[in-house]
Each structure stands twice: as C-alpha cells, then as structure tokens.
Amino acid sequence: SQQGEEDPQALSIQEGENATMNCSYKTSINNLQWYRQNSGRGLVHLILIRSNEREKHSGRLRVTLDTSKKSSSLLITASRAADTASYFCATDASGNTPLVFGKGTRLSVIA
Amino acid sequence: EPEVTQTPSHQVTQMGQEVILRCVPISNHLYFYWYRQILGQKVEFLVSFYNNEISEKSEIFDDQFSVERPDGSNFTLKIRSTKLEDSAMYFCASSETRGYEKLFFGSGTQLSVL
Chain B
424 SQQGEEDPQA
434 LSIQEGENAT
444 MNCSYKTSIN
454 NLQWYRQNSG
464 RGLVHLILIR
474 SNEREKHSGR
484 LRVTLDTSKK
494 SSSLLITASR
504 AADTASYFCA
514 TDASGNTPLV
524 FGKGTRLSVI
534 A
Chain X
323 EPEVTQTPSH
333 QVTQMGQEVI
343 LRCVPISNHL
353 YFYWYRQILG
363 QKVEFLVSFY
373 NNEISEKSEI
383 FDDQFSVERP
393 DGSNFTLKIR
403 STKLEDSAMY
413 FCASSETRGY
423 EKLFFGSGTQ
433 LSVL
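Taken in order, these protein sequences are the chains called B and X.
The first sequence begins at 424 in the working numbering and counts up one residue at a time.
The second sequence begins at 323 in the working numbering and counts up one residue at a time.
Treat each hint with caution, since some may be false.
[To be verified] Taking lysine-lysine pairs in the DSS-like style, the calculated list, with each CA pair at most 25 Å apart, reads: (1) Lys-526(B) / Lys-364(X); (2) Lys-379(X) / Lys-364(X); (3) Lys-493(B) / Lys-526(B); (4) Lys-424(X) / Lys-526(B); (5) Lys-405(X) / Lys-449(B); (6) Lys-379(X) / Lys-479(B); (7) Lys-364(X) / Lys-492(B); (8) Lys-492(B) / Lys-424(X); (9) Lys-364(X) / Lys-424(X); (10) Lys-424(X) / Lys-449(B); (11) Lys-364(X) / Lys-493(B); (12) Lys-379(X) / Lys-449(B); (13) Lys-526(B) / Lys-379(X).
If you're looking for bench data, these hints aren't it; they were derived computationally from the structure.
This one's a predicted model, so the numbers in the text were calculated from it and none came from an experiment.
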C-alpha cells in the first residue's frame, strides 16, 4: 500500500507559531498532495509537489519532499486560528492510480 | 469559485434499503470520484469515472455499489442494499485533468444506516 501516514496525529499551537506536519509513504510516487479538511466539510486542495521537486511554496505554506526517505513535510508559517483543521497528505503511484489519503493531522491553533 | 455540490447533506436509512447520493461536479471537469470517510478515520477511495465508465474502483466498491452520470451535470452513487458498515461521510470529487491531480471535493453526504 502506498498510503501516507501523517505525523503527529494531533498538534496544538499558539496563533503566530509555525506548524509542521509530516507524511511518510511506502512506495514510489508520481506526486504528493496536501489537503485541508475543516470539521464536517470536504477536503480542500492546498498544494501538489511532484516527485522530481524538492520544495514548493504557496503563500504561508511550504512543502518539502524527500523521495529517498519517502517523506514530506508541510509547514504553515505564522499560523492563524482559521488554520484549525485536519491536514491530509495524499499520494498516487502513477498518473492513473487512485489518490490514497493518510489519516490526517488535526491541527488546533489557539488564539 | 466553482464548487462541487452534493445532496442531501444527511441521509438516514434502514439497513437493506437503497440509497442514491447525488453530486453535481464542476461543469468543465471530466473526471469524477467518490470517496468515503468513516468518522475520524482515513478518507477511502471508492471509484473513479471518466467518459461514462468506471476507470478504477477499490475493493470497497462491490456489487452493491454503482455509479451513473444520468445527464450532463449529475453524478450519482447508488448503494443497493445498505449495511450498517456503510455508515460514513461520502464525498464526491471532480478534477479537470487526469492523474488524480487537484481534486475538488464536495461537502459530503453523511449516510447513517440504522
């Protein structure tokens, strides 16, 4: 299974701090994506990083990918209370294999 | 911003009954998906659909499940004879390109089987 596993399962930080979430996976991937899910809502795509990329930025988000370690990290800088959500990594082994999600990291940002 | 819409938001049914979950994907998207999430658990892939046929399906998507695109806008998931373990949040998603890149998800239908 290529399923990603996020770490930690839960993270609680103060507003303004940085939040780092990690994802490990088992097989070679085509790309890795991060999604956010607010409580009771659908998933929202945040960022995609391809297997030949090492780092990507989008606003306050920074994603790294280390294919040798089969791991990725998502950094949210200067966190806000509105960042409170579950964050999932998702991988696919090739362009035609289903996106497989991990169990997610529950992030709580305390104002 | 365009969005995927799902109806109903909540569905309660008796075990053994048929349910149909409805979705309207984003209009210019060609690839459609159903995922489900049991409370507090991972998001599980059910099926992908393109060009009026199933592209991939998971082990969960057995003979009790079917999908259909009855017209140019709707995409439905039918469960013929619901089981207690089918209780979950069902998410529809769509994407513009192939390759499972950047899926747009609906807000989900919470299915409760009693």
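_Pair hint outcome, Lys-364(X) versus Lys-492(B) [Cα-Cα no greater than 25 Å]_ = holds (23 Å)
*Hinted pair Lys-424(X) and Lys-449(B), Cα distance within 25 Å*: holds (21 Å)
*Do the alpha carbons of Lys-364(X) and Lys-493(B) lie within 25 Å of each other, as the hint requires?*
Cα-Cα ~19 Å, so holds.
*Given hint Lys-424(X) paired with Lys-364(X) - CA-CA distance at most 25 Å*: holds (18 Å)
*Has the given pair, Lys-379(X) with Lys-449(B), been kept, meaning a C-alpha gap of at most 25 Å?*
holds (21 Å)
*Lys-526(B) and Lys-379(X): Cα distance at most 25 Å?*
holds (20 Å)
_Just to be careful, I want the Cα atoms of Lys-526(B) and Lys-364(X) compared with a cutoff of 25 Å; is the pair within it?_
holds (4 Å)
*Lys-492(B) paired with Lys-424(X) [C-alpha distance capped at 25 Å]*: Roughly 24 Å between the alpha carbons, so the hint for Lys-492(B) and Lys-424(X) holds.
*Decide if the proposed pair is consistent with the structure: Lys-405(X) and Lys-449(B), CA atoms, cutoff 25 Å inclusive.*
violated (32 Å)
*Regarding the pair Lys-424(X) and Lys-526(B), is the alpha-carbon distance no greater than 25 Å?*
Within the cut-off at roughly 18 Å; holds.
*Taking only the CA atoms, is the gap from Lys-379(X) to Lys-364(X) under or equal to 25 Å?*
Satisfied, since the Cα-Cα distance of roughly 17 Å is no more than 25 Å.
*Is the Cα-Cα distance between Lys-493(B) and Lys-526(B) 25 Å or less?*
At roughly 17 Å apart (the allowed maximum being 25 Å), Lys-526(B) and Lys-493(B) satisfy the hint.
Taken one by one, the earlier hints fail for this structure at numbers 5, 6, listed in ascending order.
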